[in-house]
Structures are given as C-alpha cells and as structure tokens.
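J.: Protein chains in written order, with this note's numbering: chain U, 42 to 275; chain L, 23 to 281.
Honestly, the hints are just simulated from the structure, not real lab data.
This one's a predicted model, so the numbers in the text were calculated from it and none came from an experiment.
Glycine is no exception: its CB is placed at the ideal position from the N, C-alpha and C atoms.
Do not take every clue at face value.
[As the list claims (entries may be wrong)] Listed next, the in silico DSBU-like pairs over lysine-lysine satisfying Cα-Cα at most 35 Å (straight line):
1) U:Lys128 / L:Lys91
2) L:Lys62 / U:Lys128
3) U:Lys109 / L:Lys26
4) U:Lys206 / L:Lys278
5) U:Lys162 / L:Lys26
6) U:Lys56 / L:Lys95
7) U:Lys56 / U:Lys109
8) U:Lys69 / L:Lys62
[Claimed, not checked] Just the calculated beta-carbon pair ranges, DEER-fashion:
9) L:Glu94 / U:Glu156: 28 to 34 Å
10) L:Lys193 / U:Gly195: 26 to 32 Å
11) L:Asn129 / U:Ile212: 51 to 57 Å
12) U:Glu156 / L:Val76: 50 to 56 Å
13) U:Gln51 / L:Glu94: 21 to 27 Å
14) U:Ile212 / L:Lys193: 52 to 58 Å
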Amino acid sequence: MIMLEGVTKQYGTRKSLQDISYTFEKGKVYGILGPNGSGKSTMMKMIAGLVYPTGGKILVEGKPVSRKIAASLAFLSTEGMLYQNFKVEQMIHFFATQYPDFQREKAEELLAFMELDRRQKVSRLSKGQQGRLKLLLVLSRNTDILLLDEPFIGLDPMVRDMIVKGLVSFIDFGRQTVIITTHEINEIEPVLEEALLLDNGRITAFCNVEEVREKDGLSVLEWLKTNVKKEAVL
Amino acid sequence: MVFKGLVIKDFLLIRMYLFTWLAVLIVLYTAGASFAAYQKQFYLVFPFLLVLYVGHTLVLPVTAGILLKAEEKGQYWLHGTADGKRLLSSKLIVSTIVLLASLLLTNVLMAFSLMAANGESQLAFLEGQFPWVEGVLFNGGIIFSAFYLTTWGLFLWSLFHSMAQSPALRKIRWILIIAVYFITQTVIVRVTEWSAVKAFLQSWSIQIESPLSSTGGMNEISFTMDSNGLLVWPLLLSCAGFCLLFFAAAWLLDRKVEV
C-alpha cells in the first residue's frame with residue numbers, strides 16, 4: 042500500500058503538487074491522467090524516492106519513502122534509463138547486477154516477446170525499441186510496486202499495442218501495484234482498474250474504471266472529458 | 023555484485039575514450055620523437071614528455087566528468103540499490119584506472135626515450151642510473167594533484183546539482199560554486215600562514231635519498247632537484263581533505279540531489 046498524506050512539492054513559488062492525499066491499494070493497476078505539467082511525473086518520482094516532498098509524507102507499506110525504496114520498487118523513467126553505447130544484453134546484465142530481484146529467465150522471455158536483438162547497441166535502436174527495452178528491464182524485476190512514467194511517449198500505435206500486451210502478459214495482477222502515467226488513455230484502458238485525474242498539482246477526480254464503464258456506460262476517455270469540462274465550469 | 027556491476031558499467035562507458043586517448047598519446051609522442059630525431063637533438067623529446075606528464079593531472083577529473091555527464095540526463099543512476107558513496111567510488115576507481123593506464127604508457131615512453139637518448143650521451147647527469155625515485159615521486163605528485171582536482175570536482179558537481187530544485191539558487195549556482203571554491207582556498211591559505219600552523223606542518227618530514235639530488239642538465243635544458251624532505255602533515259591533511267570532500271559529495275547526492 043502506498044499512502045500520500047498531504048503531499049506538497051514546491052519549487053520556489055511554484056507548486057508542482059498541492060496537498061495530495063491518496064492511497065494506492067496493493068495489487069491494483071492505477072492510471073494517472075492529466076495534461077502536461079500537472080504534476081504526474083513529480084508524483085511518480087516522489088513515490089520512487091527520487092524527489093523529496095516539501096510538505097506531507099509518503100509511506101510505502103507503512104515506512105517513509107527514501108532512496109532505499111529502489112530495492113523493492115521498479116521505476117520506468119522517461120529519460121536516463123539507457124546508456125547509449127551499451128548493447129541490449131549489457132543493459133540487461135547491468136540491471137541484473139543492480140537489483141537482486143531481477144529475473145534473468147523473465148528477461149529472456151521478454152526479450153523474445155519484445156522482439157529485441159540482444160547484440161544491438163541502444164543507440165541503434167528505434168524509439169519504439171528503446172521503449173520496449175525499458176519495459177523489459179522494469180518488468181523483469183520481481184517487485185511489489187511498478188511505476189511506469191509515460192511508457193508510451195513518442196511511440197507509434199503498433200508499439201503501444203505491443204507494450205500493453207506486454208503489461209497484460211507479464212504483470213502479476215493482484216500482487217503487483219502498478220501506477221502508470223500516460224496521455225494514451227484508449228490503449229491503456231483495458232489494463233486499468235482505477236483512474237486519477239491530476240490537474241495543477243491536485244487530484245481533481247478519481248474513479249473505478251469498471252464502475253464507470255458499467256454504471257455510467259462511459260469509457261475512461263469519456264469520463265476524463267466529463268471531468269475536465271466540470272473543472273472548466275467550476 | 024552491485025558494486026562490481028557499477029564498476030563494469032562505468033568502465034564500459036569510458037572504454038572507447040580510454041583507447042582513443044591512449045592512441046592519441048602514442049601518436050603525439052611519435053610526432054614529438056620524430057621531430058626531435060629529425061633535428062638530431064633527441065633530448066628535445068623530454069620537455070615534450072614533461073608537458074604530457076603535467077597534462078595527466080587533468081586525466082582523472084576529465085574522466086570523472088565524462089562519467090558524471092553520462093548520468094546527468096534524468097539522473098536515473100540514483101534509482102538503485104547503491105548509495106552515493108558506492109556510486110561515486112565506482113566513478114573514482116574507473117577514472118583512476120584510466121589515469122594509471124595513461125601514466126603507465128607515458129612512463130614506458132619516457133623509459134624508452136631515456137634509453138634512446140642515453141646513447142647520445144645527452145643524459146650525463148644520470149650517471150648511468152635510471153631515475154626510479156624521481157619517477158615515483160613525479161608520478162605520485164601527478165596522482166596527488168589529480169585527486170585534488172577530482173575530489174573538488176565531485177563535491178562541486180554534487181553541490182551544483184543539489185541547488186537545481188531551488189529556482190532562486192538555480193540562477194546563481196555557478197557563482198555560488200566559484201565562491202565556495204575560492205573562499206575555501208582563501209581560508210586554507212590564511213590559516214596555513216599562521217606561524218603555529220606553519221611550524222606544525224613542517225614538524226614532520228621524511229628525507230628521500232635521491233641519486234640525482236643535485237643540479238643536472240641536458241645541453242640547453244637544465245633543472246635542479248631539491249633533496250628537501252617530504253612534508254608528511256600537509257600530505258596527510260590533504261588526503262583527509264580529499265576524503266571529506268568525497269563524503270560530502272556522496273551525502274549531497276543521497277540527500278539533496280533530486281531528479
């Protein structure tokens with residue numbers, strides 16, 4: 042369980058996150074939606090212990106978050122994950138040395154699934170292949186928490202589809218808590234259980250995806266549009 | 023396992039730079055030696071080699087800088103099981119390997135040049151002896167200077183990045199970095215000028231017997247090697263200072279640098 046209690050992040054006078062309180066329950070898949078600059082990435086980095094809150098606290102399994110959380114949490118970042126002059130297999134080897142929970146067999150399965158050539162240099166990979174490699178590295182870890190920050194950014198629909206299939210096939214649903222930030226709502230909808238709308242550093246709406254679908258007959262995108270409109274009116 | 027993985031990663035990051043640099047050293051030496059031989063004054067290669075040696079004080083900080091630059095984008099290296107001390111140690115070890123490899127090659131080139139020039143009887147001052155002690159001291163001096171620059175570099179790099187989250191500090195952080203360095207240096211110089219401190223620093227010295235502790239020369243080029251003792255306290259205090267800077271850099275990396 043991940044608990045955010047009155048979390049604020051301030052850069053000078055600008056507030057990136059404002060008094061956020063929310064609990065991410067164990068074993069669920071969450072989607073954090075919202076426009077650019079709404080604070081999605083900051084929230085992810087805070088849970089990963091890479092950014093410290095100005096106010097409030099973040100608890101993972103009851104313990105305050107620190108850099109040490111990396112041992113039990115896998116984080117897919119938008120940048121800086123890959124070394125350009127490494128080969129795919131060198132990246133896998135490096136991750137295997139850094140995280141004791143890294144599963145070599147799962148990495149091999151994912152390598153085949155993602156159709157990546159182990160001898161290819163990262164700098165020679167297309168954006169889509171790099172995105173798949175990042176997902177491979179993160180999904181190969183046996184952690185209770187998976188944070189995926191914009192896993193679809195800059196990727197074409199075919200690659201996005203492949204990544205969603207990868208998530209469906211390789212996430213341990215019910216055990217792993219997965220938090221995904223994205224703009225690509227349609228692709229990710231089949232995987233999501235809960236959705237949060239973040240705007241100007243605040244959670245402005247949240248929903249259970251199945252309830253929205255069954256009770257209101259809305260897709261997540263439609264729910265999102267409705268809530269964004271409400272925000273505009275308010 | 024974790025630390026070994028970091029060292030291998032850092033070595034892979036720098037490997038191409040290392041091989042390129044060693045090749046450049048050989049090319050530079052060959053050019054210098056060819057020129058000297060063409061002039062039929064082979065001793066001219068020595069000032070050239072001395073410049074290469076002195077340039078080695080920059081090899082360590084530049085290598086560490088390249089390795090840190092590789093992590094700057096996204097600072098994802100902070101998301102790992104290794105703490106700041108291990109992350110920086112790995113960079114320092116790999117940078118030291120690069121420095122030692124480069125120094126070793128330069129030493130081999132120097133030894134080769136000494137043997138080649140000896141035949142021309144330009145090195146009468148050597149009296150047939152190979153300058154081992156001077157070589158070790160000179161290499162030691164270069165390594166010491168390189169560590170001075172690198173530990174300061176690591177500390178200032180961490181300080182620079184720890185100020186990134188504050189918009190007010192972000193704008194003036196270059197000025198602050200320069201100020202921190204110069205204020206610290208000024209304080210150290212002022213303190214070491216006090217007579218009590220000066221006496222303490224000179225209170226422990228080791229005499230080094232050098233076979234070449236006299237004035238010597240090679241035709242137009244002459245130099246003096248002093249047989250003054252090696253002052254131990256400044257050396258030890260400097261090493262303590264390097265450690266302090268390193269731990270401060272690691273602390274900043276763990277607690278203050280954000281992504």
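J.: Could you run down the list of hints and mark each one as holding or not?
T.: Evaluated hints:
| no. | hint | in the structure |
| --- | --- | --- |
| 1 | U:Lys128 / L:Lys91 | 19 Å, holds |
| 2 | L:Lys62 / U:Lys128 | 49 Å, violated |
| 3 | U:Lys109 / L:Lys26 | 19 Å, holds |
| 4 | U:Lys206 / L:Lys278 | 38 Å, violated |
| 5 | U:Lys162 / L:Lys26 | 22 Å, holds |
| 6 | U:Lys56 / L:Lys95 | 23 Å, holds |
| 7 | U:Lys56 / U:Lys109 | 26 Å, holds |
| 8 | U:Lys69 / L:Lys62 | 80 Å, violated |
| 9 | L:Glu94 / U:Glu156: 28 to 34 Å | 31 Å, holds |
| 10 | L:Lys193 / U:Gly195: 26 to 32 Å | 31 Å, holds |
| 11 | L:Asn129 / U:Ile212: 51 to 57 Å | 56 Å, holds |
| 12 | U:Glu156 / L:Val76: 50 to 56 Å | 52 Å, holds |
| 13 | U:Gln51 / L:Glu94: 21 to 27 Å | 24 Å, holds |
| 14 | U:Ile212 / L:Lys193: 52 to 58 Å | 43 Å, violated |
In summary, the structure is inconsistent with hints 2, 4, 8, 14 from the numbered list given earlier, while agreeing with the others.
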